[in-house]
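Residues 0 to 172 (numbering that gives the first Met the number 0) make up the sequence shown, in order.
There are no misleading hints in this set.
Quick list of simulated restraints, FRET-style, between CB atoms:
{"no.": "1", "residue 1": "Met30", "residue 2": "Ser123", "range": "44 to 50 Å"}
{"no.": "2", "residue 1": "Ser123", "residue 2": "Tyr162", "range": "17 to 23 Å"}
{"no.": "3", "residue 1": "Ser58", "residue 2": "Ala127", "range": "42 to 48 Å"}
Derived pair list, reagent style DSS-like, types lysine-lysine, alpha-carbon separation capped at 30 Å:
{"no.": "4", "residue 1": "Lys140", "residue 2": "Lys129"}
{"no.": "5", "residue 1": "Lys140", "residue 2": "Lys50"}
{"no.": "6", "residue 1": "Lys119", "residue 2": "Lys109"}
{"no.": "7", "residue 1": "Lys50", "residue 2": "Lys159"}
FYI, nobody ran anything at the bench for these hints, they're computed from the structure. Ideal placement from N, C-alpha and C gives every residue a C-beta, glycine not left out.
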Amino acid sequence: MSELQFREGQLVAYGANGVCVVDEIKKMKLMPDMAPEMYYILKTIRDDASKVFVPVNNSRLVSRMRDVMNEDQLRSMISTTQIDEMSWNDNRRERADEFHDIIGEGVSGKLLSMVYCLHKRKESLMDAGKKLPVTDSNALKTAERLLEDEISCVMHIEEKDVYDFIRGIIGSR
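Starting from the given sequences, assemble the full structure and let the hints guide the process.
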């Protein structure tokens with residue numbers, strides 16, 4: 000077996016699942032007709048009962064796992080992001096695909112820009128007496144959850160304080 004990239008107890012970010020702890024690494028047989036193989040068993044920090052099974056030898060799935068950013072990386076990501084760089088795409092399908100890809104990458108400057116873009120759109124629709132379409136609203140909720148998870152975990156702040164933290168960094172540049 001090759002050397003493992005992650006270890007038990009380590010905090011990792013895993014795509015749209017957000018921040019997880021590597022709860023166990025063990026050989027398992029998930030289906031009766033499959034040979035046993037090694038898995039990273041991840042528990043999300045939001046829901047201790049929620050588990051994600053990532054085959055250790057599946058490089059495509061393991062590549063979606065990454066170390067949680069440290070404080071310096073997080074501050075740098077926020078301070079260098081042009082939050083208003085994303086413009087609204089009127090094509091619903093293209094927009095949904097773009098948001099899906101950004102969410103799949105996890106916390107990044109693109110994700111922060113996406114949240115800003117969706118909030119701007121939501122405000123303009125509310126001014127016109129309308130609501131954000133469900134697909135966009137769901138993308139916004141998922142993106143906000145990812146940001147809240149990683150930033151609150153790294154900075155040791157409550158989730159409700161994450162956006163004040165972000166505004167503090169953006170406002171100081």
